[in-house]
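Given next are the chains, with one letter for each unit.
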Amino acid sequence: MTRTDWIVLVITLACIVLYGMYKSRSSKDMEGYFLSNRNMPWWLVLLSIMGTQASAVTFIAAPGQAYTDGMRFLQYYFGLPLAAIVICITFVPVFKRLRIITAYEYLEQRFDGRTRTFTALLFLLQRGLSTGISVVAPSIVLSALLGWNLTLTNLLMGGLLIIYTVTGGAKAVAHTQKLQLLIIFAAMFIAGWYVVHSLPGSVGFTDALDIGGRLGKLNVITTGMEGGSFNWGDQFNLFSGIIGGFFLALSYFGTDQSQVGRYLTARSVTESRMGLLLNGLVKIPMQFFILLIGVLVFSFYQFRGAPVFFNQKEIDRLEQSVYKDSLHQLQTRMDHLQFGKDIVLKQYTEDKSEHHLQSLKVLQRQSDSVRMQVKGLVKQNGGADKDTNYIFMRFVVDYLPVGLVGLLIAVIFLASWGSIAAALNSLASCTVVDIHKRYIKKDCTPIQDYRAGKWYSFAWGLFCVIAAMFAANIGNSLIEAVNILGSLFYGTILGIFLVAFYCKKVQGRSVFAAAIVIELMTIGLFVLSQYKVISLGFLWLNMIGAIGLVLLSNLLQKIWPEPADEIIISGK
Amino acid sequence: MQNGPEERVPLFRSWTAWYIIVLVALVAMIAILYFFTQRFS
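Respectively, the protein sequence lines represent chains S and F. Residue 277 in the working numbering sits at position 277 of the first sequence, with consecutive numbering throughout. Residue 24 in the working numbering sits at position 24 of the second sequence, with consecutive numbering throughout.
Don't take each hint at face value.
If we take Cβ atoms under 8 Å as the criterion, some of the chain S residues that face chain F in the derived model are [to be verified]:
no., residue
1, F78
2, I85
3, M372
If you want the footprint, here are the derived chain S segments under chain F, 3+ residues with CB under 8 Å [to be verified]:
no., segment
4, 145-153
5, 160-174
Just so you know, these hints were derived from the structure itself, not from any lab. No residue lacks a Cβ here, since even glycine has one placed at the ideal position from N, Cα and C.
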């Protein structure tokens with residue numbers, strides 16, 4: 001990085017931290033600290049929801065995903081608007097009417113204390129681990145690309161935001177997310193424009209789309225049908241996106257405190273609903289734009305020649321290994337293929353003929369084959385053989401002009417901070433409200449609650465940075481594992497809330513027993529799919545868990561009804 | 001859809017209109033993306 005890039009990076013990050021501290025003034029009680037006194041307008045709620053959902057991985061991995069697998073990942077978000085409607089109708093009015101701070105408080109009022117605690121613990125486990133990974137995932141990419149020290153990068157990624165998150169709580173989180181999103185969108189738009197600008201003179205935006213599309217990268221809508229039957233193992237298609245994505249979004253926005261805490265900051269039910277519904281509307285176009293950048297980068301590399309592997313650190317390791325000669329042979333092969341591509345692309349952009357398109361497809365398949373062989377070498381050498389997360393940032397570092405590189409790296413930090421700050425705020429609110437005030441110190445003054453909130457925010461920040469340090473040693477495989485971890489717990493948590501809202505006859509004992517059984521079943525299904533005994537995409541686990549819990553708890557309620565005295569004891 | 005006395009629905013008389021708009025927008029987006037896929041594949 002040049003000095004100018006460093007200046008841009010440091011100024012951008014410093015501005016966010018200072019702005020967060022400036023916006024830190026809130027009343028010194030739990031409502032002020034965790035929910036900004038419930039006085040946020042809808043547009044700030046909307047930006048806060050978006051800023052929480054869009055992590056650094058969104059901006060690092062999504063363009064890489066489009067580059068390797070095409071844009072079909074977009075279908076993952078099709079269930080979101082449907083989930084937003086259900087949450088607006090059912091969840092929001094109840095949460096707002098009860099004036100709860102965490103979603104799990106409602107479960108004690110509806111069922112009992114143990115169901116509340118069990119659900120809160122599932123949330124803390126899942127969100128705590130995934131936030132640690134949110135710190136380390138972008139740090140690994142940036143440290144590999146820029147040669148930064150990973151420990152220091154982790155500290156910057158997960159440490160600086162603690163300053164304003166601890167001092168300002170939900171108010172500082174929401175206001176910084178507003179500024180962060182503004183910078184992120186501006187920088188991504190400039191990056192997208194620059195990719196098109198960097199294409200050869202005769203190649204325009206529609207040509208780049210045409211090349212990306214003909215080579216299979218604009219596959220936005222896919223059905224998952226293979227050989228006349230539906231492939232249940234296919235992760236992203238129209239049906240898994242609408243149905244599986246609906247259950248995932250319902251869990252995330254309806255029961256995950258990191259999102260519930262955002263729309264509970266709204267000043268009214270109307271403002272909460274507007275924030276949620278508009279997020280449902282804008283998320284798909286926003287994600288489409290980010291994925292499209294990945295396709296444009298793919299088209300760009302058709303002309304400029306892509307690296308055989310985007311993580312240069314692994315290539316450097318191969319150069320020092322016994323696989324050095326094999327690597328050189330594959331690199332020479334890739335150079336020859338690129339030479340062929342240059343000729344065919346020139347002809348194809350002039351005449352758009354089917355003949356040249358077929359030649360281009362053959363050359364692309366051969367290039368993919370070379371990349372696969374290099375990945376095989378990386379794996380044999382003991383390295384991480386997936387380079388999807390490196391594709392976009394490698395392009396940024398290699399081809400974007402001075403200044404813009406610093407800005408795009410700042411974008412990664414800001415996106416990371418936005419989601420981590422909201423996660424820390426929610427982890428702290430859940431710990432204080434659902435654990436500390438129930439089991440450790442029940443009678444606290446407002447100022448003691450406020451101080452506990454600050455300490456727990458700090459403690460969770462520290463936990464996430466430390467978790468990131470450990471996760472860094474394990475590498476990329478853990479990042480994927482923890483993404484799937486969400487699906488292991490979300491189905492159960494959502495099922496508990498669905499029973500609470502829609503099955504009025506079901507009592508605490510039935511739902512608690514069903515929750516334990518379904519959680520074990522979900523983990524069992526996941527293990528079976530990992531060992532290839534069954535073929536099941538992880539998105540389906542949310543649906544199976546939620547529906548399974550609703551059915552089982554109703555069945556248990558019928559055959560094992562709760563004695564009347566237990567209902568009285570549990571506070572109903 | 002029942003609205004509380006203090007809750008005025010922006011632009012429309014009820015929230016149902018908002019939900020229908022979101023549904024229609026989702027269907028329209030999927031249709032546009034389908035044609036986009038067909039156009040460039």
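Hint-by-hint comparison with the structure:
Because the closest C-beta pair between S/F78 and chain F is about 7 Å apart, less than 8 Å, the hint holds. The interface hint given for S/I85 holds, since its Cβ lies 5 Å from the closest Cβ of chain F, which is under the 8 Å cut-off. The closest approach between the C-beta of S/M372 and any C-beta of chain F is roughly 23 Å, which is over the 8 Å cut-off, so the hint fails. Only residues whose C-beta sits within less than 8 Å of a C-beta in chain F count toward coverage, and the segment 145-153 of chain S has 0 of them, not enough to reach three; the restraint is violated.
Only residues whose C-beta sits within less than 8 Å of a C-beta in chain F count toward coverage, and the segment 160-174 of chain S has 0 of them, not enough to reach three; the restraint is violated.
Checked against the numbered hints given earlier, the structure breaks hints 3, 4, 5 and satisfies all the rest.
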